[in-house]
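With chain L fixed as given, assemble chain U onto it according to the hints.
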Amino acid sequence: MQERSGAAIVMESLVKHGIDTLFGYPGGVVLPLYDEMLNWPQVKHVLVRHEQCAAHMADGYARATGRVGVCLATSGPGATNLVTGIANAMMDSIPMVCLTGNVNSWAIGKDAFQETDIQGITIPITKHNYLVTDVNDLPYVLAEAFYLANTGRKGPVLVDIPKDVFQKMTSNPFPTEIHRRGYQLPPDPDPAQIATAVAMIEAAQRPVLIAGAGVLWGEAFDELKTFAETNDIPVINSLLGLGTFPRDHELSLGMMGMHGEATGTLAVQAADLVIGIGARFDDRLTGDTKAFAANAKILHFDLDPAEVGKTVSPRAWVIGDVKATLGEINKLRTTQLSHPEWREQIRGWQAQYPLMVPEGKFLSRTVLRALNEHTNGEAIVATDVGQHQMWTAQFYKFKKPFNWMSSGGLGTMGFGFPAAIGAKFARPDHEVWAVVGDGGFQMTLQELQTAVEYGVNVKIALLNNGYLGMVRQWQELFYDNRYSSVAMGSPDFGKLAEAYGVKYFRCDRCEDLDATMEAARAHNGPVLCEFVVEMEENVYPMVPAGGSNSSVIMDPALTHVEPPEDVVASFETTHSVHHAPEVAPSLTGANK
Amino acid sequence: MNTEEIVVSQKHTVTALVQNESGTINRVVSLFRRRGFSLASFNAGDCEEPGLSRMTFIVEGDLSVVEQVLKQLDKLIDVVECSALPAESSVSRELALIRVQPTAEQRDSLYNLVLEFYGKTPGAQGDQIVVEFTGSVAEVEDVIKALQPFHIQEIVRTGVVAMSL
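Just so you know, the sequences run in chain order L and U. Numbers in the numbering used here are just positions in the first sequence, counted from 1, shifted up by 201. Numbers in the numbering used here are just positions in the second sequence, counted from 1, shifted up by 74.
In isolation and in its complexed conformation, chain L is listed as follows:
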């Protein structure tokens, strides 16, 4: 093989892996790579305004396609600026390859200018990482990095490359296959575990399933739909599982968790079988694990054995790719099951505890309901973390996978806008919205310039309530209305948009909402829509952190209904919820 430089090897590896776009920011030690880049026009480099956003854009690119996203930063501060973005991707198991330059290999460890130990720093927040000190290792390492990022439980992999390694030459070829001892792809599902699962499903009277992002990354949507329909099992999604099951399907109950729809929460508490599929039962979903699904056996399908039994104790499980697991079960379980009484009870809860959008006020919920209607639930939507995120999860009725990107695990403010830009680069023909709050948007709004420069047609729905809304909500509910550092001043967003050259709309009343949505959607280019909404709006339902899912706080607007006994804490008893005895719900009277 012909000799070529380390920099050329990096570019060649991107092309080999079908990477058409990478997001990055140059600096001293990556100069050889940026120089080489000019020879590779098939790879578009997107120049960001802060490296954190390069990572978030690569993340959005991955979430919109299921493919590996790539970001690039220089040594020292460039590399450390990636850290939040990498941690975000790690928590949500996003396939990413993060490239960093480092000082010359002979200068490492000598506190050289812009030197930092990015390998050491990112050990806890990467699936794996490398410091490549010999150019001869580079072809293999890059191939392995892409392989690790995109197989098994996916995740970010960082490759740190010293400046001289970019410059040195090697004739070493890329490997034709990756063999990493001790790294195994998920096993085929065990027939005995499958048989147990089938028996549990057949015995269940009140089953529900919780579909997580494992269904997304395992691309098991068709299998999930068949499984749910054949076995007549209502489908709840975790936050990141939204979109893996059509929200307009009659079996869909939407999201569950701290701010999940009440029906899903009540159903899990009353169920006799809860099937977790590619979901990791995180604390925002389970609430107090001791009280979680107190009447149910838990069945867990996951490719990561470490997730089984980590937070809740399943009765049985199947380790393996969820697509294979559901496929095997679908082969065995072909006769139609039906649970008419259970479904009836669930329909009753849905009627009794709907999501509320009080009329006559201009609320975040009003805006998000309209966004869903105008885009028919078919746009790509990216969010930060907080109230707007939960309302989007509640009111945006995702029909298809790979359209939803939200910072689930890490809860990163500032994620949504750059993620939306990354998604738009990946799927330029698809409508893309970033839903952000006034707090989060101010963390990464410098990327407006990136959007303008590249003509990225991303719409920003900025829900401006003048507060860090979720923090304010907690201070209202759990800290006796003592607001501490949550009032959020903002610049004049109209002038800001003008300064960046971004189309701007402002809307502060229901009457203008439809026209604003239409105008924003019609404009070809980045648009900032500022919706000046009610300042003190709370997200309901709500399970207080660490509280039992049996004590969900309902929307106080639901005054016309009696909460079911033991299950629903009334709004007034908020403060006692933390100390309330963990009473299992007695909803059906049939629980043993």
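If you are wondering where the hints come from, they were derived from the structure by calculation, not from laboratory data. The structure displayed is predicted, hence computed values, not measured ones. Honestly, I wouldn't trust all of these hints.
[As the list claims (entries may be wrong)] Below 20 Å or equal to it, Euclidean Cα-Cα: the simulated SDA-like pairs (lysine to any residue) are:
#, chain 1, residue 1, chain 2, residue 2
1, U, Lys149, L, Pro388
2, U, Lys149, L, Ile379
3, U, Lys85, U, Phe116
4, U, Lys145, L, Glu542
5, U, Lys149, L, Gly228
6, U, Lys149, L, Tyr680
7, U, Lys149, L, Met291
8, U, Lys145, L, Ile520
For chain U alone, coordinates are given in the frame of chain L:
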């Protein structure tokens, strides 16, 4: 009589075969720290295969903790294999070097004590003598206790190494 099961925190021996690369030890030890696993002892060294190392960990916790330790270790790309060693079907040993400074009158009884414990005295400098002892953790601690009268100056222990039978 109280027949309820009492969950006690116990010490468990875990061993791992790992690929020896840049950052490997850091990565493995960092896992224990960040997940809050209690690591009572850690040892790493070369093994029968070039390029690989074998690590021995003493982990404190109940069985569910050990299970999570193994599953999380197994997820590390560097870890080739790992397992927990049952006490009844494994051997575990620790080596200790103990520098003592006996008085002239104590010297004979020190050498007798070392013989009694099957220890060694691989070196001496001036009036200081290095005692070497290998045994189980409990035996090492017994020896250290027995050496207290001889004016211990310094103790170095390897941490436990273990192997299944």
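Here's how the hints hold up against the structure:
Under the criterion of a C-alpha separation no larger than 20 Å, the hint pairing Lys149 (chain U) with Pro388 (chain L) is consistent with the structure, at around 14 Å. Restraint check for Lys149 (chain U) and Ile379 (chain L): the C-alpha separation of about 17 Å stays at or below 20 Å, so the hint holds. The straight-line distance between the Cα atoms of Lys85 (chain U) and Phe116 (chain U) is roughly 13 Å, inside the 20 Å bound, and the hint therefore holds. About 40 Å separates the Cα atoms of Lys145 (chain U) and Glu542 (chain L), which puts this hinted pair outside 20 Å; it is violated.
Restraint check for Lys149 (chain U) and Gly228 (chain L): the C-alpha separation of about 34 Å exceeds 20 Å, so the hint is violated. With a C-alpha separation of about 40 Å, the suggested pair Lys149 (chain U) and Tyr680 (chain L) falls outside the 20 Å cut-off, and the hint is violated. About 13 Å separates the Cα atoms of Lys149 (chain U) and Met291 (chain L), which keeps this hinted pair within 20 Å; it holds. Straight-line distance between C-alpha atoms of Lys145 (chain U) and Ile520 (chain L) comes to about 12 Å, which keeps the hinted pair within the 20 Å bound.
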